[in-house]
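Engineer: Given chain A's structure and the hints, the job is docking chain B onto it.
There are 2 protein chains.
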Amino acid sequence: MAEQSKKWVLMVTAQTPTNIAVIKYWGKRDENLILAINDSISVTLDPAHLCTTTTVAVSPDFDEDRMWLNGKEISLAGGRYQNCLREIRARASDVEDEKKGIKITKNDWQNLHVHVASYNNFPTAAGLASSAAGFACLVFSLAKLMNVQEDNGRLSAIARQGSGSACRSLFGGFVKWVMGKEEDGSDSIAVPLVDEKHWDELVIIIAVVSSRQKETSSTSGMRDTVETSSLIEHRAKEVVPKRIIKMEEAIQNHDFPTFAQLTCSDSNQFHAVCMDTTPPIFYMNDTSHRQKVLMGCQLFRIIGCVEKWNRSEGTPQVAYTFDAGPNAVLIARNRKAATLMLQRLLFHFPPNSDTDLNSYVIGDKSILKDAGIQDIKDVDALPPPPEIKDKIPAQKYKGEISYFICTRPGRGPVLLTDESQALLNPETGLPKAATQMDEELLASYEGDQEVLQATTMLSSNPDPTLNLSIQQGILRYKGKAWVGKHGMLRQQLVTTIHTSGLGGHSGVWATYQRLKAIFYWPDMMEQVKVVVQECDICQRCKDE
Amino acid sequence: MAEQSKKWVLMVTAQTPTNIAVIKYWGKRDENLILAINDSISVTLDPAHLCTTTTVAVSPDFDEDRMWLNGKEISLAGGRYQNCLREIRARASDVEDEKKGIKITKNDWQNLHVHVASYNNFPTAAGLASSAAGFACLVFSLAKLMNVQEDNGRLSAIARQGSGSACRSLFGGFVKWVMGKEEDGSDSIAVPLVDEKHWDELVIIIAVVSSRQKETSSTSGMRDTVETSSLIEHRAKEVVPKRIIKMEEAIQNHDFPTFAQLTCSDSNQFHAVCMDTTPPIFYMNDTSHRQKVLMGCQLFRIIGCVEKWNRSEGTPQVAYTFDAGPNAVLIARNRKAATLMLQRLLFHFPPNSDTDLNSYVIGDKSILKDAGIQDIKDVDALPPPPEIKDKIPAQKYKGEISYFICTRPGRGPVLLTDESQALLNPETGLPKAATQMDEELLASYEGDQEVLQATTMLSSNPDPTLNLSIQQGILRYKGKAWVGKHGMLRQQLVTTIHTSGLGGHSGVWATYQRLKAIFYWPDMMEQVKVVVQECDICQRCKDE
Numbered sequence: 001m002a003e004q005s006k007k008w009v010l011m012v013t014a015q016t017p018t019n020i021a022v023i024k025y026w027g028k029r030d031e032n033l034i035l036a037i038n039d040s041i042s043v044t045l046d047p048a049h050l051c052t053t054t055t056v057a058v059s060p061d062f063d064e065d066r067m068w069l070n071g072k073e074i075s076l077a078g079g080r081y082q083n084c085l086r087e088i089r090a091r092a093s094d095v096e097d098e099k100k101g102i103k104i105t106k107n108d109w110q111n112l113h114v115h116v117a118s119y120n121n122f123p124t125a126a127g128l129a130s131s132a133a134g135f136a137c138l139v140f141s142l143a144k145l146m147n148v149q150e151d152n153g154r155l156s157a158i159a160r161q162g163s164g165s166a167c168r169s170l171f172g173g174f175v176k177w178v179m180g181k182e183e184d185g186s187d188s189i190a191v192p193l194v195d196e197k198h199w200d201e202l203v204i205i206i207a208v209v210s211s212r213q214k215e216t217s218s219t220s221g222m223r224d225t226v227e228t229s230s231l232i233e234h235r236a237k238e239v240v241p242k243r244i245i246k247m248e249e250a251i252q253n254h255d256f257p258t259f260a261q262l263t264c265s266d267s268n269q270f271h272a273v274c275m276d277t278t279p280p281i282f283y284m285n286d287t288s289h290r291q292k293v294l295m296g297c298q299l300f301r302i303i304g305c306v307e308k309w310n311r312s313e314g315t316p317q318v319a320y321t322f323d324a325g326p327n328a329v330l331i332a333r334n335r336k337a338a339t340l341m342l343q344r345l346l347f348h349f350p351p352n353s354d355t356d357l358n359s360y361v362i363g364d365k366s367i368l369k370d371a372g373i374q375d376i377k378d379v380d381a382l383p384p385p386p387e388i389k390d391k392i393p394a395q396k397y398k399g400e401i402s403y404f405i406c407t408r409p410g411r412g413p414v415l416l417t418d419e420s421q422a423l424l425n426p427e428t429g430l431p432k433a434a435t436q437m438d439e440e441l442l443a444s445y446e447g448d449q450e451v452l453q454a455t456t457m458l459s460s461n462p463d464p465t466l467n468l469s470i471q472q473g474i475l476r477y478k479g480k481a482w483v484g485k486h487g488m489l490r491q492q493l494v495t496t497i498h499t500s501g502l503g504g505h506s507g508v509w510a511t512y513q514r515l516k517a518i519f520y521w522p523d524m525m526e527q528v529k530v531v532v533q534e535c536d537i538c539q540r541c542k543d544e
Numbered sequence: 001m002a003e004q005s006k007k008w009v010l011m012v013t014a015q016t017p018t019n020i021a022v023i024k025y026w027g028k029r030d031e032n033l034i035l036a037i038n039d040s041i042s043v044t045l046d047p048a049h050l051c052t053t054t055t056v057a058v059s060p061d062f063d064e065d066r067m068w069l070n071g072k073e074i075s076l077a078g079g080r081y082q083n084c085l086r087e088i089r090a091r092a093s094d095v096e097d098e099k100k101g102i103k104i105t106k107n108d109w110q111n112l113h114v115h116v117a118s119y120n121n122f123p124t125a126a127g128l129a130s131s132a133a134g135f136a137c138l139v140f141s142l143a144k145l146m147n148v149q150e151d152n153g154r155l156s157a158i159a160r161q162g163s164g165s166a167c168r169s170l171f172g173g174f175v176k177w178v179m180g181k182e183e184d185g186s187d188s189i190a191v192p193l194v195d196e197k198h199w200d201e202l203v204i205i206i207a208v209v210s211s212r213q214k215e216t217s218s219t220s221g222m223r224d225t226v227e228t229s230s231l232i233e234h235r236a237k238e239v240v241p242k243r244i245i246k247m248e249e250a251i252q253n254h255d256f257p258t259f260a261q262l263t264c265s266d267s268n269q270f271h272a273v274c275m276d277t278t279p280p281i282f283y284m285n286d287t288s289h290r291q292k293v294l295m296g297c298q299l300f301r302i303i304g305c306v307e308k309w310n311r312s313e314g315t316p317q318v319a320y321t322f323d324a325g326p327n328a329v330l331i332a333r334n335r336k337a338a339t340l341m342l343q344r345l346l347f348h349f350p351p352n353s354d355t356d357l358n359s360y361v362i363g364d365k366s367i368l369k370d371a372g373i374q375d376i377k378d379v380d381a382l383p384p385p386p387e388i389k390d391k392i393p394a395q396k397y398k399g400e401i402s403y404f405i406c407t408r409p410g411r412g413p414v415l416l417t418d419e420s421q422a423l424l425n426p427e428t429g430l431p432k433a434a435t436q437m438d439e440e441l442l443a444s445y446e447g448d449q450e451v452l453q454a455t456t457m458l459s460s461n462p463d464p465t466l467n468l469s470i471q472q473g474i475l476r477y478k479g480k481a482w483v484g485k486h487g488m489l490r491q492q493l494v495t496t497i498h499t500s501g502l503g504g505h506s507g508v509w510a511t512y513q514r515l516k517a518i519f520y521w522p523d524m525m526e527q528v529k530v531v532v533q534e535c536d537i538c539q540r541c542k543d544e
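These protein sequence lines map, in sequence, to chains A and B.
So the first sequence is numbered by this note's numbering: it starts at 1 and just counts up by one.
So the second sequence is numbered by this note's numbering: it starts at 1 and just counts up by one.
Isolated chain A (complex conformation) (with noise of 0.2 Å):
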């Protein structure tokens, strides 16, 4: 190992992506390995839509193993990630940077330390598969940082012991999880079927319908319904064997048709099975909240969407499926599919009046224009589809989707080698974000009566339903940064936010989405809708 005296850290960053099941993975023969009790399928989303980018970094100076998601600090103790960490460490090999004049002996894995920093461009825990993306990123990029010599494959039967669905996230195109045999699941990997370019027709449109955290999660939902569901093994047994077979051949053969017909029943199935468990699971909706009950219940509309047109075309056009999540994936046979299929959700569904068709509408914004839709006005100007028959009024339902993502089957992970893109900063190893940032919150907060009030409130008598709290003088509310009048740094954050991202000059409302996940400050909703209204760039934009 390379002296203590020289101070060292050596980083590798990579991007994974996320993936969705069109074979549903639901269900486990070993709760600790993560086996499944039947194959699964799935295609891989273009990660310049939605993926997960992952720093991983080791320094003789770091004293314990650290992550980082989304800029906030979890624990790692958990045995998913302990899991992880140990398959890959038992796999590393020599590392040499002759010049870092660094050298990490195969042995010397065992003792040293990781820092992991990980964001997903995505909401997380929200039925998009963060943890496969996440999962994947975090194997693939430990992978590299400790030259471990195994395939892809092999990689994957290791970021399964994090999360099931995260082996699928290691090839692109579409990928088979082989359930495997052994019992010590050396066979239960994913294999890549085809690469991205082999049906690049395909379209596929997200509707996002909420990016809270589901209730259910589901490690404890599978629990149950293995237990308790007399359908689950007849499923995995009977089921699921002969409709890969099909989806394999479907895939192979470009056959839409086939595929969109076990897509589809894939996925009302996986539905079918959570609400044959007790108590019963209902991912499609919420049982809770009186507004996502409504908005669960959107699905079943777009499901009736998609059902009624594809009946009334003769051929499916699209494919809808649902992970356990409220959010529907919708697969297009093609762009012209993709162009008829927003233009549907959008009549039904349009966005609020102040809302930007912009930040409404995200990913591949030129399904938008193929739409022939520039603006607002272009959606209330779209007819009622041809196959809603005249004596039933069509139904509108403003708001109630959060927003659209379009996007395509995508490769799989990637290193990125531009040291501009790390999460960790190359000198200490510690998150960019929060070394930084905790600087520049502290400094806000001077002179700040309202953080003053709440520090000592905090300090005297800590309530916790002000769900507030302090961590190395960094206020927080219900877990989010407290931003301090001081200085300029709200305004900062504020353009920061509204010209980056997915969406890029997003409106005023995606902009206080986006920065409401992670900063609070009171009024923070009018500082936004000054900062974006002023946006020369908008401007301009508009006055074209």
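No false leads were mixed into what you were given.
No copy is singled out in the list; a pair is fine if it fits within one copy or between any two copies.
Simulated pairs of lysine-lysine, DSSO-like, Cα-Cα distance not exceeding 27 Å:
#	residue 1	residue 2
1	K28	K237
2	K242	K28
3	K28	K308
4	K144	K106
5	K478	K396
6	K432	K516
7	K365	K308
By construction, these hints were calculated from the structure, which means they are not laboratory data.
Here the structure is a predicted model, which is why all the values come from computation and not from measurement.
Structural biologist: Below, chain B without anything else, positioned relative to chain A:
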């Protein structure tokens, strides 16, 4: 046969209960004979609260078989009615009424026509098994009229050909429909398990969410399930047979925990196989109407509420089951549990402020008294159920349930010997209401400018979007009889509906709902308000 010259009408009136399956029937092996793919078990509901009353009449003057359902003539041409009529006629015996001088031989029945009038005291086709009570009552009353010598078990095989679940309405208490093996369905009959006194502790509360007709008929729904679900066969062949054995034991032994577990699981599994259908069937909500979606979603909340309470008590207090419609049926282990359940239901689902409690909880009102609830103030004062943790604010969903019916297991079909209860006129054999009412309606049109205008418009240029029609001089709006201004008919109808029916002296809202299901006139609501507010009996009850 009696001489043609001598006019006579021979009538029989019967009352038949409805039933709720606790092990569900879903899927047919023979569509025409209505043979199920699995056994089912139901509990018969007390006909005092939910039943069908049917009068059947025969007369040599009748030119054809005719039927009126809830006052409106319907066609008997359907195969289901024809099957029942044919099978009953084939079993008819000689009938003699010396007093009236009537003599009908076995063979005469083939040439005599019948009139049938039937009335449900609950919403038709809203998932409350109205067709079960209806066909059971048709077959039972026809069998009595035609002096059929077979027992109710044999009759159940005929009622089954009208509507599968109808066979179970020929007995009280708990009833099993044995699917049978014979191709001709002769062994597919209902068998009484225990009578209504065996487990008379049970109390049943029905939350009526909507009285609208359900979207997917059971017939087409179960056909789709049998054709497309890959789980239904496993359910029918492997799961249900075991559940039937356990359920019979649980009923015999008054074993409520097992009863509740099986009832809830089987209801959830029924909805699971519906969801596993292509296209998926969601009975618990409705994809086309915002209000219905909200209402359907209430039921997920009811499930949540019951599951939470049962868990907190350590042993089930209440079982829930949902038929092919969005109404919840809750079976409480005893009066105490029913009382506590009703308190919970009223806490979460209080009535709208303009609703009279007397019309919000109907049927066996003694449960309401036990719950210590006398008026709306007591509902407002209900504390949150103790199993709701303080952290989660208790949710209230005002006005999202139409009403609750408190009932219990009840007896099978009975003959009504009181001739005044007959629905057909003993002289004409025509519906009492129809003949007399038609005359009264026509009289009410005298000088009514609105009626004149509508009638003129209809005869000159019929426009279907106006929803107006005219038959034998009776004007109809959306199929409902238009009541004219002339005379006192409007007020008489309001008074009649207000002072009779399930609730007895119902409030404004319930009276209006019942009235407008059958009649129409402009500003009906205003008149209902006046009559109800001026009702002498209601005033006196309030004063006390």
